Amino acid sequence: MSTTTKQDNLIDWLRDAHAMEQQAEKMLTAQAERLEHYPVLKKRIEQHIEETRGQQEKVEACLTRLDSSPSTIKDIGGKLMAVGQGLGGMLMSDEVVKGAMSGYVFENIEIATYTVLIEAAEAAGEPQIRKDCEQILKQEVAMADWLREHLPEITRAFLNRSESPNVEAKR
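Going by this note's numbering, the sequence shown opens with residue 3, and the numbers climb by one from there.
In case anyone wonders, no lab produced these hints; they're calculated from the structure.
Fair warning: this is a prediction, and the values are worked out from it, not measured in the lab.
A hint or two may mislead.
[Claimed, not checked] Straight-line distance between alpha carbons at most 30 Å, and here's what the computed DSS-like set of lysine-lysine pairs gives:
{"no.": "1", "residue 1": "Lys45", "residue 2": "Lys28"}
{"no.": "2", "residue 1": "Lys8", "residue 2": "Lys45"}
{"no.": "3", "residue 1": "Lys44", "residue 2": "Lys140"}
{"no.": "4", "residue 1": "Lys45", "residue 2": "Lys133"}
{"no.": "5", "residue 1": "Lys28", "residue 2": "Lys100"}
{"no.": "6", "residue 1": "Lys140", "residue 2": "Lys28"}
{"no.": "7", "residue 1": "Lys100", "residue 2": "Lys8"}
{"no.": "8", "residue 1": "Lys8", "residue 2": "Lys140"}
{"no.": "9", "residue 1": "Lys28", "residue 2": "Lys44"}
{"no.": "10", "residue 1": "Lys100", "residue 2": "Lys140"}
{"no.": "11", "residue 1": "Lys8", "residue 2": "Lys133"}
{"no.": "12", "residue 1": "Lys44", "residue 2": "Lys100"}
{"no.": "13", "residue 1": "Lys133", "residue 2": "Lys28"}
[What the hints assert, rightly or not] Computed spacing ranges between beta-carbons, pair by pair:
{"no.": "14", "residue 1": "Lys140", "residue 2": "Thr5", "range": "30 to 38 Å"}
{"no.": "15", "residue 1": "Gly127", "residue 2": "Thr157", "range": "39 to 47 Å"}
{"no.": "16", "residue 1": "Ser164", "residue 2": "Thr7", "range": "48 to 56 Å"}
{"no.": "17", "residue 1": "Ala114", "residue 2": "His39", "range": "30 to 38 Å"}
{"no.": "18", "residue 1": "Thr6", "residue 2": "Val42", "range": "38 to 46 Å"}
{"no.": "19", "residue 1": "Asn162", "residue 2": "Asn110", "range": "47 to 55 Å"}
{"no.": "20", "residue 1": "Glu155", "residue 2": "Lys133", "range": "31 to 39 Å"}
{"no.": "21", "residue 1": "Lys8", "residue 2": "Val143", "range": "39 to 47 Å"}
{"no.": "22", "residue 1": "Ala125", "residue 2": "Glu48", "range": "32 to 40 Å"}
{"no.": "23", "residue 1": "Pro129", "residue 2": "Pro41", "range": "34 to 42 Å"}
We put the CB at the ideal spot given by N, CA and C, even for glycine.
Turn these sequences into a full structure, and let the hints guide you.
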């Protein structure tokens, strides 16, 4: 039976996180490009896209620190999933609400990922990686909190727009 070191697991999970951040960037960008009638949501998503790009850079730096690099296969898989999700969202009549809900769920997956990475970095004796993951975690928690707080407002706006004749509500 083979064994896996703490550092091996940390590298694997950092690669997963990198692919996840690339997926997030694609999904958020597609969503922001389609939003027309929800300027507050669009602005917050655009802000988080910039945070996500910075997170990708931090994760890449963590991998470099461990003499590793992102996984091309995982990155491509994440991007393909994001394209599929983006195309699927375009077909929904309630795209803005479903997109906000999906975003909230995705942020919580990211929160779980960075919570695991913080502990793995600590266990592997990598304090800088722990610090970087803690910084990313704060951004993910902030975005999840923002979405949770604004879901009622987004839903209300959608419902009001959907009842108005000649007004598009979905985006």
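Is the distance from the Cβ of Lys8 to the Cβ of Val143 consistent with 39 to 47 Å?
Given about 25 Å between the Cβ atoms, the range is violated.
With respect to the beta-carbon atoms only, verify the hint that Thr6 and Val42 lie 38 to 46 Å apart.
holds (45 Å)
When you check the alpha-carbon spacing of Lys133 and Lys28, does it fall within 30 Å?
Answer holds: Lys133 to Lys28 is near 26 Å, not above 30 Å.
Would you mind confirming whether the straight-line C-alpha gap from Lys45 to Lys28 stays at or under 30 Å?
holds (16 Å)
Lys8 paired with Lys140 [C-alpha distance capped at 30 Å]:
holds (24 Å)
Does the structure keep Lys44 and Lys140 at a Cα separation of 30 Å or less?
This hinted pair holds, its Cα atoms lying about 21 Å apart.
Satisfaction of the hinted span 32 to 40 Å by the C-beta atoms belonging to Ala125 and Glu48:
Roughly 36 Å apart at Cβ, these two residues keep to the hinted range, so it holds.
Are the Cα positions of Lys100 and Lys8 separated by 30 Å at most?
Status violated; Cα separation ~38 Å.
Is the Cα-Cα distance between Lys28 and Lys100 30 Å or less?
OK: Lys28 and Lys100 at ~17 Å, within 30 Å.
Could you check the hint for me, namely that Asn162 and Asn110 are 47 to 55 Å apart, CB to CB?
violated (28 Å)
Holds or violated: 34 to 42 Å for the Cβ distance of Pro129 and Pro41?
holds (41 Å)
Between Gly127 and Thr157, does the beta-carbon spacing fit 39 to 47 Å?
holds (46 Å)
When held up to the earlier numbered hints, the structure conflicts with 2, 7, 19, 21 and fits the remainder.
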